[in-house]
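Asks: Using the hints provided, position chain X relative to the given structure of chain L.
The lines below spell out each chain.
There are 2 protein chains.
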Amino acid sequence: MPAHDIRMSGFRTRSTVEEAWGWLDVMLAKVEIRNETVPINQAYGRSLAEPVLSEIDVPGFDRSAMDGYAVIADETTGASDYQPIRLRIVGESMPGKAWNGTLQPKQAVRIMTGAPIPDGANAVVPVEYTQAERDDVSVSTTVGPFKHIGRTGEDIQSGAVVVEPGRLLRPQDIAVIASIGTPTVTVRCQPKVRVIITGNELVKPGQKKRPHQIYEANSSLLLGAIPRDGGIVESINFVEDTERAIEDALLIPDVDVILISGGSSVGAEDFAPLLIERHGELPIHGIAMRPSSPTGLGQVGAALVVLLPGNPVSCLCAYDFFAGRAIRQLAGRSTDWPFRQVTVTLEKKIVSAIGRVDYCRVAVKNEKSAIPLAISGASILSSTTRADGFVIVTSESEGLPEGSVVTAILYG
Amino acid sequence: MPAHDIRMSGFRTRSTVEEAWGWLDVMLAKVEIRNETVPINQAYGRSLAEPVLSEIDVPGFDRSAMDGYAVIADETTGASDYQPIRLRIVGESMPGKAWNGTLQPKQAVRIMTGAPIPDGANAVVPVEYTQAERDDVSVSTTVGPFKHIGRTGEDIQSGAVVVEPGRLLRPQDIAVIASIGTPTVTVRCQPKVRVIITGNELVKPGQKKRPHQIYEANSSLLLGAIPRDGGIVESINFVEDTERAIEDALLIPDVDVILISGGSSVGAEDFAPLLIERHGELPIHGIAMRPSSPTGLGQVGAALVVLLPGNPVSCLCAYDFFAGRAIRQLAGRSTDWPFRQVTVTLEKKIVSAIGRVDYCRVAVKNEKSAIPLAISGASILSSTTRADGFVIVTSESEGLPEGSVVTAILYG
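These protein sequence lines map, in sequence, to chains L and X.
Quick note on numbering: the first sequence equals residues 27 to 438 in my numbering.
Quick note on numbering: the second sequence equals residues 27 to 438 in my numbering.
One or more hints might be untrue.
Since copy identity is lost for identical chains, a pair holds within one copy or between any two.
As the list claims (entries may be wrong) - Within a straight-line C-alpha distance of at most 25 angstroms, the following computed SDA-like cross-link-like pairs (lysine to any residue) qualify:
| # | residue 1 | residue 2 |
| --- | --- | --- |
| 1 | LYS234 | GLY185 |
| 2 | LYS218 | ILE59 |
| 3 | LYS235 | VAL64 |
| 4 | LYS173 | GLY425 |
| 5 | LYS230 | VAL187 |
| 6 | LYS375 | GLU180 |
| 7 | LYS391 | GLN367 |
| 8 | LYS123 | ARG177 |
| 9 | LYS374 | ILE258 |
| 10 | LYS123 | GLY179 |
| 11 | LYS235 | MET120 |
| 12 | LYS123 | LYS235 |
| 13 | LYS375 | GLY425 |
| 14 | LYS234 | SER184 |
| 15 | LYS230 | ASP83 |
| 16 | LYS173 | ALA314 |
| 17 | LYS123 | SER421 |
| 18 | LYS394 | ASP362 |
| 19 | LYS234 | PHE264 |
| 20 | LYS391 | VAL259 |
| 21 | LYS374 | ARG316 |
| 22 | LYS394 | VAL368 |
Just so you know, the hints here were simulated from the structure itself, not pulled from any lab data.
From a predicted model like this one, the values you see are computed outputs, not experimental measurements.
Bound-form chain L, shown alone:
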């Protein structure tokens, strides 16, 4: 074995979580930002890259805010149930189909919500305060000037910015963009993520397994988490634990992030770390955290490479701490946890160690108290499905006593 080969000799030093995040931030800051223009109805959840400006006024004309009758406001002064005023119905204004005359005194135009206000009219009486009889209508309320009229440009003025860059586009944002007639938007490209799953012992769910084989679970974790964080799964590659197979999957170009599950540690068949160093760099390998200390962060070509431990709980933790964070950042999202946080009281202590970050799954009751799950067993995957979230014990802490008030980060 060459001198620099850490296989079967253990991690010499471990980076801190903060050092790993620091390296990620520097690396990701150098990545060229790419945008693309897409039809608005394909832009839900995407990060807006350029401001959306309106070229029109909304509304584009004075319009009725109610179904009723367009009138001259002054003429309704004093009208009431006991003293209705009577007007002659001279026409009808429908949405998209204006009445083209000019309203004269003692006249009214039947009007629908959204329809143009006729020339000469300056208020709308809602239908509830009217009684039509053949060509006449009685009005039983007083309306002031511009009552129930949506004025030209009152919603959006021509030239205004309607949505600012950085916004993760919500359904109502897309609706506003549609309402100004804009059919496309420029958004941040979604990072393309290649998943490489290694492990000769792995069998796919639904297949027959031999005694010492295990079912492969990490691809199912990553296939769900990557799109949630704004990435696109470029491909999932199940490869043999051979240098050649891993190298081949690693070196295909045109991808933003490569996640390698398994073979990330210092075992005899852990080829991935050596391959990354050979073709790029692996400045972070071994992180002072539990679980997922055998995590690695590096770079091959322009692609960020994250070595995820094969153990599914460690894989989840390393994904959440590093890979998911990087994917969100590349997608133009916040690096914050994509989960809701609540303040809870610990019902049982959590034991940790100074110098190490702990990712402790917890069951949360009524958003008030939290019970740590499977504190000892990093490999207890079922704890993640019993868990409602997790508590992070920082590296400055030896643990959290029972009764501590802590922040729980809630999955899902």
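Replies: Just chain X, lined up with the frame of chain L:
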């Protein structure tokens, strides 16, 4: 006009929001629950319909939790940096490739994380505490029995329920299901939602519009909101404001929910309410709320029909209050708001009226204070994109004074 025709005569009475929810709950309780079995990797976010049971133990064998050496625990007693013990390396156990001998005294087997513990061994010494030299290894720490061994079934026992029905499947839930070898799950069917957009004045974004036309925005709102709430958009139908066109789109069978945007009120061209009464029932039409009072809830055949006001802000509000709630319920989700709630202080008063629910968009600063937006104008669509969320003023309240501490429901 027939006597029961409410067009151009106003809503006689309005239902309360609670009455509308009550009718929805009764109607939806009668809908037959349908489930389907899908591959696990297509089940993210779906509501689990049947418990997932494990037919296997996980792990299926005693396995190493570390890279290192499998040993007889008792033999390491007293071992330290100053007093290492020396063992003969007699083989190697790799994941999926066991060492088939039986460990004898003074022997060790090189072992990797996840590999089977050889017969005779009962502990693992992590590689960090060892020094290999040709066929021998020095061990410089003491390990107790079963140290660094994951015991058979310690994660999941055969026969155990790993995920309970009702769970909205998260990536880690799917990973757990994969880890027990299960390739499919039975989940609640997603409700199929037909969208019918009416309005002769509407033009699609990107097209040229004439002066009194407006750009169509509600389909963009609904296309984003329906999948978020667990529904599938069956089709979007842009139809003319004619009785025939709306009737045709309404009567195509095989859909769970029909949303009709526009023509929901009491205007002369509001055909949809009459058509729903003709072909089914429309028990709720007109709701005491602002905006979106011209909302209707009814049924045609087995399908729930929601009449959404054409005004985009009213459409958003009616969707959030009624349609989205129903879609979530049909998808096996909670009827609660799908949004995060925060407690905030109002920086300005909100005026409402007793007997009416108000849906007031607010801008939220630092999750601490909220400023009501566009209180007067229900039709101000741009307020929804400036808004971070909304505050609900209940029907018992005349409004909320400046400085009130209220719950804001945050979009997105």
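Asks: Against each hint, give a clear statement of whether it holds in the structure.
Replies: Hint check results:
1. In this assembly of identical chains, the alpha carbons of LYS234 and GLY185 lie at most 25 angstroms apart only when taken from different copies (18 angstroms versus 64 angstroms within one copy).
2. Proximity of LYS218 to ILE59 under the C-alpha cut-off of 25 angstroms is restricted to the intra-copy arrangement: shortest distance 13 angstroms within a copy versus 38 angstroms between copies.
3. For the identical chains of this complex, LYS235 and VAL64 are inter-copy neighbours only, at 22 angstroms across copies versus 45 angstroms inside a copy, given an alpha-carbon limit of 25 angstroms.
4. Only between protomers do LYS173 and GLY425 lie at most 25 angstroms apart by alpha-carbon distance; the minimum there is 22 angstroms, versus 64 angstroms within a single protomer.
5. For the homomeric pair LYS230 and VAL187, the shortest alpha-carbon distance between copies (20 angstroms) is at most 25 angstroms, but the shortest distance inside one copy (51 angstroms) is not.
6. In this assembly of identical chains, LYS375 and GLU180 lie within 25 angstroms of each other by CA distance solely across copies; the values are 22 angstroms between and 58 angstroms within a copy.
7. Taking identical chains as interchangeable, the C-alpha atoms of LYS391 and GLN367 lie at most 25 angstroms apart whether they share a chain (14 angstroms) or sit on different chains (18 angstroms).
8. In this assembly of identical chains, the alpha carbons of LYS123 and ARG177 lie at most 25 angstroms apart only when taken from the same copy (18 angstroms versus 77 angstroms across copies).
9. Proximity of LYS374 and ILE258 under a CA criterion of 25 angstroms is satisfied in neither setting, with 39 angstroms inside one chain copy and 43 angstroms between copies.
10. When the C-alpha separation of LYS123 and GLY179 is checked against a cutoff of 25 angstroms, the pair qualifies only within one copy, where the shortest distance is 20 angstroms, while the shortest distance between copies is 73 angstroms.
11. Only between protomers do LYS235 and MET120 lie at most 25 angstroms apart by alpha-carbon distance; the minimum there is 16 angstroms, versus 69 angstroms within a single protomer.
12. Proximity of LYS123 to LYS235 under the C-alpha cut-off of 25 angstroms is restricted to the inter-copy arrangement: shortest distance 13 angstroms between copies versus 70 angstroms within a copy.
13. With identical chains, the CA atoms of LYS375 and GLY425 are at most 25 angstroms apart within one copy only, with a shortest distance of 7 angstroms there and 46 angstroms across copies.
14. Proximity of LYS234 to SER184 under the C-alpha cut-off of 25 angstroms is restricted to the inter-copy arrangement: shortest distance 16 angstroms between copies versus 65 angstroms within a copy.
15. Taking the shortest alpha-carbon separations for LYS230 and ASP83, only the inter-copy value of 16 angstroms comes in at or below 25 angstroms, while the best intra-copy value is 57 angstroms.
16. In the homo-oligomer, the alpha carbons of LYS173 and ALA314 lie at most 25 angstroms apart only across protomers (20 angstroms), although the nearest pairing inside one protomer, at 66 angstroms, exceeds that limit.
17. Proximity of LYS123 to SER421 under the C-alpha cut-off of 25 angstroms is found in neither arrangement, the shortest distances being 69 angstroms within a copy and 37 angstroms between copies.
18. Proximity of LYS394 to ASP362 under the C-alpha cut-off of 25 angstroms is found in both arrangements, the shortest distances being 22 angstroms within a copy and 19 angstroms between copies.
19. In the homo-oligomer, the alpha carbons of LYS234 and PHE264 lie at most 25 angstroms apart inside one protomer (17 angstroms), although the nearest pairing across protomers, at 51 angstroms, exceeds that limit.
20. Taking the shortest alpha-carbon separations for LYS391 and VAL259, neither the intra-copy value of 34 angstroms nor the inter-copy value of 35 angstroms comes in at or below 25 angstroms.
21. Proximity of LYS374 to ARG316 under the C-alpha cut-off of 25 angstroms is restricted to the intra-copy arrangement: shortest distance 18 angstroms within a copy versus 48 angstroms between copies.
22. Taking CA atoms no more than 25 angstroms apart as the test, LYS394 paired with VAL368 passes in both settings, with 8 angstroms inside one copy and 15 angstroms between copies.
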